[in-house]
Amino acid sequence: MKKLFTSESVTEGHPDKLCDFISDSILDAFLEQDPKSRVGCECVAGKNVVFVTGEITSNGVVNIEEVVRNAIKEIGYFGDVDIDYKTCEVIVNISKQSPDIALGTNDEVGGAGDQGMMFGFACDETEELMPMAITLAHKLARRLTEVRKNHVIDGIGADGKTQVTVEYDDDKVKRIDTVIVSVQHKDDKDIDVLRKEIEKEVIREIIPNNLIDEKTKILINPTGRFVIGGPLGDSGLTGRKIIVDTYGGYARHGGGAFSGKDATKVDRSASYMARCIAKNVVANKYAKKCEIQISYAIGVAEPVSVCIDTFGTNTIPEEEIVNKIMNTFDLTPQGIIKYLDLRKPIYKKTTNYGHFGKNDMSWEKIVQL
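FYI, the numbering used here numbers position 284 of the sequence shown as 284, with every residue one higher than the one before it.
A few of these clues could be false.
Stated by the list, open to error - Here are the simulated distance ranges between beta carbons:
(1) Lys86 to Leu4: 42 to 50 Å
(2) Arg175 to Lys86: 42 to 50 Å
(3) Ile94 to Leu4: 18 to 26 Å
Claimed, not checked - Here are the simulated BS3-like pairs of lysine-lysine, each with C-alpha atoms no more than 30 Å apart in a straight line:
(4) Lys149 to Lys186
(5) Lys365 to Lys324
(6) Lys338 to Lys349
(7) Lys365 to Lys348
(8) Lys149 to Lys189
(9) Lys189 to Lys47
(10) Lys3 to Lys358
(11) Lys358 to Lys344
Note that these hints are calculated values from the structure, not bench results.
Idealized CB from N, CA, C, for every residue including glycine.
Using the sequences and the hints given, assemble the complete structure.
Rendered as structure tokens:
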């Protein structure tokens with residue numbers, strides 16, 4: 001049976017991703033000084049203003065305003081029609097972690113920082129064991145940043161979005177139906193030149209030739225103009241790109257965002273662990289596709305439930321797969337933190353182009369189940 005499935009990604013200059021990057025930059029700055037820092041940091045960005053709020057408990061001393069400005073500069077915003085890292089207003093409103101939450105998450109108790117359910121997913125559609133649509137959308141978004149920063153294409157800005165529609169036939173990838181790329185550009189950039197450059201240097205460099213045919217639709221800046229971007233064009237908010245961060249809608253999502261949260265927050269750490277487990281189920285050939293759900297109660301260490309679904313692709317009984325998982329992995333928050341080594345300042349590397357499918361991250365390692 002034929003079906004179409006679509007996923008999107010965004011560049012690091014997208015206003016929501018700018019906020020994610022600022023939040024993770026602050027998290028890393030505290031973890032560099034105090035690996036046991038408790039950080040729940042969120043950011044809002046608007047017209048030349050960045051507002052940072054949340055709860056931080058740490059022995060580290062961090063100049064948050066300086067971290068914010070450096071993060072904006074690193075992404076590549078320098079003013080003009082965007083936010084200016086030198087002159088933007090930075091408002092910091094940070095408190096400490098609630099002592100009520102700390103009662104259940106301190107090292108003696110080691111409980112989850114909140115209740116909730118987290119999902120992990122893997123499938124054999126790509127080398128990364130990720131769905132095809134989100135994998136290609138991320139690669140296109142990353143390529144947009146590369147051609148901007150390396151001046152392969154001049155006159156484009158930091159903000160941008162990508163979207164890929166994959167055609168399936170009997171659940172197997174058949175072809176790419178549609179590719180959409182929208183990128184911010186200078187006012188004097190010729191749109192026809194831009195479209196030719198993006199197709200040549202971005203789309204044709206990323207989308208495999210065998211997946212494109214004469215019926216594939218390629219849409220580049222379909223409105224014809226994208227000059228005002230970033231927080232000036234649309235306010236940004238930490239955690240608003242949770243589907244971009246995970247599986248592009250191909251698998252379920254528990255609802256919790258990642259960026260700005262230390263590893264005691266199971267929204268982040270348990271989602272990383274769930275991806276690790278799902279990937280290993282597929283990598284070990286126990287299934288071609290696997291989704292796992294893990295749920296927690298606040299202040300309780302052991303998960304409330306663990307559930308997997310292999311969508312009928314399993315090669316051994318699902319009950320046996322669950323037993324292998326429970327015998328291999330410690331799913332308590334402290335067990336996850338130790339296994340994945342999550343107290344290090346690694347989180348800026350996770351912010352953009354998806355938190356999963358990056359082989360240099362600990363939750364992507366393959367082990368024998």
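Here is what the structure says about each hint:
In this structure the supplied range 42 to 50 Å holds for Lys86 paired with Leu4, their Cβ-Cβ distance being about 45 Å. The beta-carbon spacing between Arg175 and Lys86, approximately 47 Å, falls within the hinted interval of 42 to 50 Å. The supplied range of 18 to 26 Å is broken by Ile94 and Leu4, whose beta-carbon atoms lie about 45 Å from each other. Between the alpha carbons of Lys149 and Lys186 the distance comes to roughly 15 Å, so the proposed pair stays at or under 30 Å and holds.
Using a Cα cut-off of 30 Å, the hinted pair Lys365 and Lys324 holds, with the two alpha carbons roughly 17 Å apart. Of the supplied pair hints, the one linking Lys338 and Lys349 holds, its CA atoms being roughly 19 Å apart against a limit of 30 Å. Between Lys365 and Lys348, the direct Cα distance comes to roughly 19 Å. Compliance with the 30 Å bound is thereby established for this hinted pair. This hinted pair checks out: Lys149 and Lys189 have alpha carbons roughly 17 Å apart, not beyond 30 Å.
For a cut-off of 30 Å, the pair hint linking Lys189 to Lys47 stands: about 23 Å separates their Cα positions. Distance hint between Lys3 and Lys358 is fulfilled; the C-alpha atoms sit about 27 Å from each other, no more than 30 Å. About 17 Å separates the Cα atoms of Lys358 and Lys344, which keeps this hinted pair within 30 Å; it holds.
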